[in-house]
Amino acid sequence: MASKVLVVDDSMMVRQQVKRALGAADFVIVEAQDGMDALEKIMQNQDVCLIVCDVNMPRMGGLDFLEALRKIPVFVSVPVVMLTTEAQPDLVARAKGFGAKGWIIKPFKPELLVAAAQKLSASKAA
Amino acid sequence: MSAVFNDLERMLATAAIDLFEAHGAATWKTPSVEQPHAEAECIVATIGFAVADGSKGSLVMVASPAAIAALHTPDGDEHSEMILCDILGEFSNMLLGRLKNILLPRGVTLMLGTPTTAYALKLRLSSPFSPCRWLAFVVNDHVIRARLDVALAKDFPLADDAAGPSTTAREGEMILF
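Chains as they are written, first to last, in my numbering: chain A, 155 to 280; chain B, 1344 to 1520.
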């Protein structure tokens, strides 16, 4: 069965780019447009093997989403990669503190994202 | 304009050219202008930012639908107003993110808002209360304009050299923890 990835970004353009890259590598994509939407979508898709998440979003940003996600026992260990324009060290440290597995600065290289997704989804499945 | 404002303008121009070229677009900057002519049909995107010292400002980007479509081709070749707004909003987000990453080692941390976008006919923007300047870029033979407006606090902390924290990685790079 194909691995499912939740993509959280307020930009449709970015969600499309991620969907195109990971879809070509046989991942199934679920989209959410902010952290609040992502919390709803993941409850309906508990078999998600990876989350790719922006930082600055309306309503609920990526780091607040990550903090909220880790409070839900079933999602404590789901791998999360942040995909953002931000490179501020304290934001990276905060994400790492909440158990994020990676940080990608936009614009992303599709092959890097696919390699990360394959590695992290495999580790989740193991 | 102050020397600091001129520095910020130069940084924004560098960031914009890097950003457009990272998307495969041949780009050059035209001379700065005070106020561009009204566009017949355009998309406008804006993001506000603030600094802990009380400085604040915004980035406004204006481009025609053709300019945006030439910069990024959406899936399905659908160029609806909503999609074009989304694309320009994301480019304004990436541009301000790059400016933030340039400023970090200079001791300035911008706090960024999220983009607001609109489709407009015969757009005329009012002048902000703070100093502003328009930059214009020719991107894939189309003009994309960016307006930087900044109200600087008295002691805006722009260091002369890389005294502050450096960024963790550069645009396009990935870190795995």
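No lab work stands behind these hints: they were computed from the structure.
There may be inaccurate statements among the hints.
Calculated pairs, SDA-like style, for lysine to any residue (alpha carbon to alpha carbon, straight line, at most 20 Å) [unchecked claim]:
#1 A:LYS250 with B:ARG1353
#2 A:LYS273 with B:GLU1516
#3 B:LYS1372 with B:ILE1360
#4 A:LYS173 with A:ASP201
#5 A:LYS173 with B:THR1416
#6 A:LYS158 with A:LEU193
#7 A:LYS273 with B:LEU1519
#8 A:LYS263 with B:TYR1462
#9 A:LYS195 with A:VAL182
#10 B:LYS1465 with B:SER1407
#11 A:LYS263 with B:GLU1514
Now for the hints, and whether the structure bears them out:
For the given pair, LYS250 (chain A) sits about 33 Å from ARG1353 (chain B) by alpha-carbon distance, which is inconsistent with the 20 Å threshold. Distance restraint check for LYS273 (chain A) and GLU1516 (chain B): the Cα-Cα separation of roughly 17 Å lies within the 20 Å cut-off, and the hinted pair is therefore satisfied. With a C-alpha separation of about 8 Å, the suggested pair LYS1372 (chain B) and ILE1360 (chain B) falls inside the 20 Å cut-off, and the hint holds. Proposed proximity of LYS173 (chain A) and ASP201 (chain A) is supported: the alpha carbons are some 18 Å apart, at most 20 Å.
Under the criterion of a C-alpha separation no larger than 20 Å, the hint pairing LYS173 (chain A) with THR1416 (chain B) is consistent with the structure, at around 14 Å. Taking the CA atoms of LYS158 (chain A) and LEU193 (chain A), the gap is about 15 Å. The hint holds against a cut of 20 Å. As the CA atoms of LYS273 (chain A) and LEU1519 (chain B) are separated by approximately 10 Å, the hinted pair is consistent with the 20 Å bound. The straight-line distance between the Cα atoms of LYS263 (chain A) and TYR1462 (chain B) is roughly 30 Å, outside the 20 Å bound, and the hint therefore fails.
For the given pair, LYS195 (chain A) sits about 14 Å from VAL182 (chain A) by alpha-carbon distance, which is consistent with the 20 Å threshold. Between LYS1465 (chain B) and SER1407 (chain B) the alpha-carbon distance is near 11 Å, which keeps this suggested pair within the 20 Å criterion. Taken as a hint, the LYS263 (chain A) and GLU1514 (chain B) pair is honoured in the structure, with Cα atoms around 10 Å apart against an allowance of 20 Å.
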